[in-house]
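The hints should help you fit chain B onto chain R, whose structure is shown.
2 protein chains.
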Amino acid sequence: MSYRSPMATEPAKARAREIIDAAAEIFQQRGYADTSVQDVASAVGILKGSLYYYIDSKEDLLFRVLEDVHEDARHLLDEVAAMDAPPLERLAAYLRGHVEFNLRNLAKVAVYYHDFGLLAPERREEIIEQRKQYEHCVVGLIEEAQAAGEVDPALDAHVAAYSALGMVNWTYTWYRPRRGESQSEIADLIADIIVGGLRAAGRG
Amino acid sequence: MSYRSPMATEPAKARAREIIDAAAEIFQQRGYADTSVQDVASAVGILKGSLYYYIDSKEDLLFRVLEDVHEDARHLLDEVAAMDAPPLERLAAYLRGHVEFNLRNLAKVAVYYHDFGLLAPERREEIIEQRKQYEHCVVGLIEEAQAAGEVDPALDAHVAAYSALGMVNWTYTWYRPRRGESQSEIADLIADIIVGGLRAAGRG
Numbered sequence: 022m023s024y025r026s027p028m029a030t031e032p033a034k035a036r037a038r039e040i041i042d043a044a045a046e047i048f049q050q051r052g053y054a055d056t057s058v059q060d061v062a063s064a065v066g067i068l069k070g071s072l073y074y075y076i077d078s079k080e081d082l083l084f085r086v087l088e089d090v091h092e093d094a095r096h097l098l099d100e101v102a103a104m105d106a107p108p109l110e111r112l113a114a115y116l117r118g119h120v121e122f123n124l125r126n127l128a129k130v131a132v133y134y135h136d137f138g139l140l141a142p143e144r145r146e147e148i149i150e151q152r153k154q155y156e157h158c159v160v161g162l163i164e165e166a167q168a169a170g171e172v173d174p175a176l177d178a179h180v181a182a183y184s185a186l187g188m189v190n191w192t193y194t195w196y197r198p199r200r201g202e203s204q205s206e207i208a209d210l211i212a213d214i215i216v217g218g219l220r221a222a223g224r225g
Numbered sequence: 022m023s024y025r026s027p028m029a030t031e032p033a034k035a036r037a038r039e040i041i042d043a044a045a046e047i048f049q050q051r052g053y054a055d056t057s058v059q060d061v062a063s064a065v066g067i068l069k070g071s072l073y074y075y076i077d078s079k080e081d082l083l084f085r086v087l088e089d090v091h092e093d094a095r096h097l098l099d100e101v102a103a104m105d106a107p108p109l110e111r112l113a114a115y116l117r118g119h120v121e122f123n124l125r126n127l128a129k130v131a132v133y134y135h136d137f138g139l140l141a142p143e144r145r146e147e148i149i150e151q152r153k154q155y156e157h158c159v160v161g162l163i164e165e166a167q168a169a170g171e172v173d174p175a176l177d178a179h180v181a182a183y184s185a186l187g188m189v190n191w192t193y194t195w196y197r198p199r200r201g202e203s204q205s206e207i208a209d210l211i212a213d214i215i216v217g218g219l220r221a222a223g224r225g
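Residue numbers (the numbering used here), protein chains in the order written: chain R, 22 to 225; chain B, 22 to 225.
Calculated directly from the structure, the hints in this document are not laboratory data.
Among these hints, one or two may not hold up.
Where chain B lies over chain R, by a calculated footprint (3+ residues, C-beta under 8 angstroms) [claimed, not checked]:
id	segment
1	159–165
2	180–192
3	199–213
Where a beta carbon is used, it is the ideal one built from N, C-alpha and C, also for glycine.
Bound-form chain R, shown alone (with noise of 0.2 angstroms):
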């Protein structure tokens, strides 16, 4: 029985993230070439033997950091999705949380952008295909707001989508908490410039 079964018992969910976590966190400081499958038991604290329970290969571990970050965007699109708000509102609420997950999960996100092109090509194509749904969810957003009147409609969404999610995700590349700003206030201060800047812009 896998750990991932609905039957698996709670000690084993937890393991399960344990290792998911260990894995990004050695992934983005060693690189994925240079880690092995025992450097992650180890940081664990299990036998090499006992990871295999969780996962088939180094490959399988890549898979399941990129997978645990889909899961909680997924999560996020959802609840901005069920909001009773306008549409800007929405795409505010969604970037801030979008930027929060991101600084708390700085490992997992640098591996999921910088390593997803390392996974064998079936899965490689599952992730784009995920992110393909993710950023049209954005698009949709963008759109909705055209159509309420909030934002030019003579605007690109596309290019205006990519371009908001650039600013939210490259934030993984500057952020350290060492520098002690506050998280949240960072994702205010995002989602205040995107969205006051798609109601600007088109209008000189």
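Okay, now just chain B, sitting in the frame of chain R:
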């Protein structure tokens, strides 16, 4: 005599440029680890021995690609610094120029952001130092805009600058020339969002 000497002939300089461009393309497509100096020599159509007139090693080739990106970035900042215009107008000009450069130089920019960590430590430090100076100029423009009353002085100018650069830098991950969006329209939209967003942020 090196091709970088002021005495180098124009053909030598043109060839050096061709080598750097080819290296960027191959690093981006195949990955730095899986590229050999021979691959680059073959792409340019010269003997591997001749390539060593221009570079000392594969890592040297990577460094040249990154230096090239910085050199263009510096030129742009110098141009913007010489403009007689309010700070946010200079920032907009800089952002437009930077986006257009990135879209025209996708391979180089991708290698710049993805692979600079693969440089030997000393050169990596050099690139990090250059990047800091560069970011510092963008922070400076935002601080000037705050002093001039164009931007809320309560905003964290560093977070705003890194965020603006994020939207600009991320373009290499999503822009594909075949989609046919105009490069200057993308540059205008990104500059509009950032500058409009900075004017609005923190002011309710």
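Here is what the structure says about each hint:
1. For a cut-off of 8 angstroms, the count of residues in the segment 159–165 of chain R with a CB near a CB of chain B stands at 0, and the three-residue condition is violated.
2. Counting residues of the segment 180–192 of chain R whose CB lies closer than 8 angstroms to any CB of chain B gives 12, so the stated coverage by that chain holds, three being the minimum.
3. Taking a C-beta to C-beta cut-off of 8 angstroms, the segment 199–213 of chain R contributes 6 residues in contact with chain B, enough for the three needed, and the coverage statement holds.
The structure shown violates just one earlier hint, number 1.
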